[in-house]
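Chemist: Chains as they are written, first to last, in full-length UniProt numbering: chain U, 1 to 298; chain R, 1 to 318.
Think of the hints as simulated: they come from the structure by calculation, not from any bench.
Treat the hints loosely; a few may be bogus.
Keeping only pairs whose Cα atoms sit at most 27 Å apart, straight-line, the calculated DSSO-like set for lysine-lysine is [to be verified]:
1. K250/R x K269/R
2. K237/R x K172/R
3. K172/R x K81/R
4. K269/R x K292/R
5. K185/U x K81/R
6. K172/R x K187/U
7. K81/R x K187/U
8. K77/R x K172/R
9. K250/R x K237/R
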Amino acid sequence: MTDATAPTEPARPGRLREFWFYFRENRGAVFGLWVFAAFVICAALGPWLAPYDPAEQFRELTLLPPAWQTGGSWAHPLGTDPLGRDMLSRLIIGARYSFFVGVIVVSIAASGGILIGMIAGFAPSWLDSVIMRIMDVILAFPSLLLALVLVAILGPSLTNAMIAIAIVLQPHYVRLTRASVLSEKQKDYVTSARVAGAGLLRLMFVTVLPNCLAPIIVQGALSFSTAILDAAALGFLGMGAQPPTPEWGTMLAEAREFILRAWWVVTFPGLAILVTVLAINLMGDGLRDALDPKLKRS
Amino acid sequence: MTAPVMIATALARHYEVGGGLFSKPQVLRAVLRVDFNLYAGRTLAVVGESGCGKSTLARMVTMIEEPTSGELTLDGKPVIKPAWPELRTDVQIVFQDPYGSLNPRQRVGTILMEPLVINRPDISSADREARAREMLGLVGLRPEHFDRYPHMFSGGQRQRIAIARALMLDPKVLVLDEPVSALDVSIQSAVLNLLIDLQERLNLAYLFISHDLSVVRHVCDDIIVMYLGQAVETGPKEEVFASPRHPYTKALLSATPRADPGAAKDRIKLTGELPSPLANLPGCPFAPRCWKVQDICRAERPALNGAPHAAACHFPLD
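In isolation and in its complexed conformation, chain U is listed as follows:
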């Protein structure tokens, strides 16, 4: 403590540094962040990192095992698929598709869901009921089935699959946002903002929304992985990315008849999905801890 007559004030650390300080506490989250960073680098620099073109077929080397197995070659470290395409290149390029699926699906679903949930939370009860019953109808369908129907209507392609998954995931955000809004809206700080003259938009997005973000961020991280999984499932069913796109789910689907003969063809895309999803979930957890001021020490 300095003396009271000349109170000096320590400089406030930058927001980013402060965020990093708290994020670092959670080891799993940091690990998740590194894996996610590698995933993003693969997605961004795919064509330069990949040793071969993902669609190039080495006809004489079909179903080549990974390098460390007998018969493997370091020219194709993770082996080749039934058409002789290099697995490593396909996985690296596949990261790009999965990443885009995740980012686009989560942004569409979250922004739409938060907006609708906010409106439902602040709306008069009849409008709230209308919105929530529509969301219940969407939730009542098995999500993959609904996505399938939507893709069937829109036509099978990765873009349409992303739109379908975003629509299917949206009600979760709506429910989550509305529930948080309803509980936050009761609190006195919202009333005092209203007494201070805050308008509806300010109440919604400046006062209430930041206090609802923690569960939404976790949901965002979780549905990033759900989106990747659903896109993979749609690809597996032939309704998502179309061959020869090296999308991880589509790769799994193409390789399923070789499970017993060539384990690497199914294992590596599956592992890629698993590790990515796990890393994102870990990161989401750390994100929540770091963004919640209640968990901070003074």
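Given chain U, work out where chain R should sit, using these hints.
Modeler: Structure of chain R alone, referenced to chain U:
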């Protein structure tokens, strides 16, 4: 005496409750009829048990809810819904719960500056910060608290922040909705003294809502005793405390704990139930619990008379 800052005449607030698809909604009379005048530099206390409409009154005065009927004027201007945005800055509120009344996502500085951002967009941000820091000092907090989050503070400090926020807009009327009842007794007096000090300095009119009569005795000038949505006794503090005229006030006063073990224990115990605010009884609402009840009490509602020390009772105590 100078003209009152705020005048409330026959203020009432009814709610419709229940009312499903097949049942008719019932009318809950939260506040039946309250009249009061608020003067700059003076404190009016509203006391009464839970559910008597104190907080509803506060919500009407702070323009959170519109009165069902009755009139409210602020500085001679009628407080009606279209005029709310411009009158709002003159009436601010401090809530009971210091843990819920500050936005946990905002730093203290942001909380203090928000009212200015909303209402005085013409003030530069440097100026805003200067005023917020000045206010922080005024309520007895240190400058380094400016950048902290509310959860880093104790209850008493948070209540100081809430008071500072309420004062940022230079209001004329400050509604204090049980401002100290969530605090430790040791902190209570510090916050109360701060409030008294601020009132003297800024010439504020306080509407002090409380159920704690010892606190009320410490801070207020005038009292309204509320029972089931209406004022049953009003008057200057000294007179109400010295010689309560309404039986309910007497019972309330006798229930105040006193730090004097030798004092005679003439505590009045009320029996009977508080009537439901849904039922619109013809008689005095206190009749079921009153020890002086007679037939007329059940048949006819007594009017508030005998100003300046008025009581709504057919048989006032003297």
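Chemist: Now tell me, hint by hint, if it's right for this structure.
Modeler: Status of each hint after checking the structure:
1. Taking the CA atoms of K250/R and K269/R, the gap is about 11 Å. The hint holds against a cut of 27 Å.
2. Taken as a hint, the K237/R and K172/R pair is honoured in the structure, with Cα atoms around 22 Å apart against an allowance of 27 Å.
3. The suggested pairing of K172/R with K81/R holds, with an alpha-carbon distance near 19 Å, which does not exceed 27 Å.
4. Taking the CA atoms of K269/R and K292/R, the gap is near 13 Å; set against the 27 Å cutoff, the hint holds.
5. Between K185/U and K81/R the alpha-carbon distance is near 21 Å, which keeps this suggested pair within the 27 Å criterion.
6. At most 27 Å may separate the alpha-carbon atoms for a hinted pair to count; K172/R and K187/U meet this at roughly 25 Å.
7. At most 27 Å may separate the alpha-carbon atoms for a hinted pair to count; K81/R and K187/U meet this at roughly 23 Å.
8. A hinted pair counts as satisfied when its Cα atoms are at most 27 Å apart, and K77/R with K172/R qualifies at roughly 13 Å.
9. Annotation: proposed proximity of K250/R to K237/R holds, straight-line Cα distance about 14 Å (limit 27 Å).
Comparing the model with each numbered hint stated earlier shows that all of them hold.
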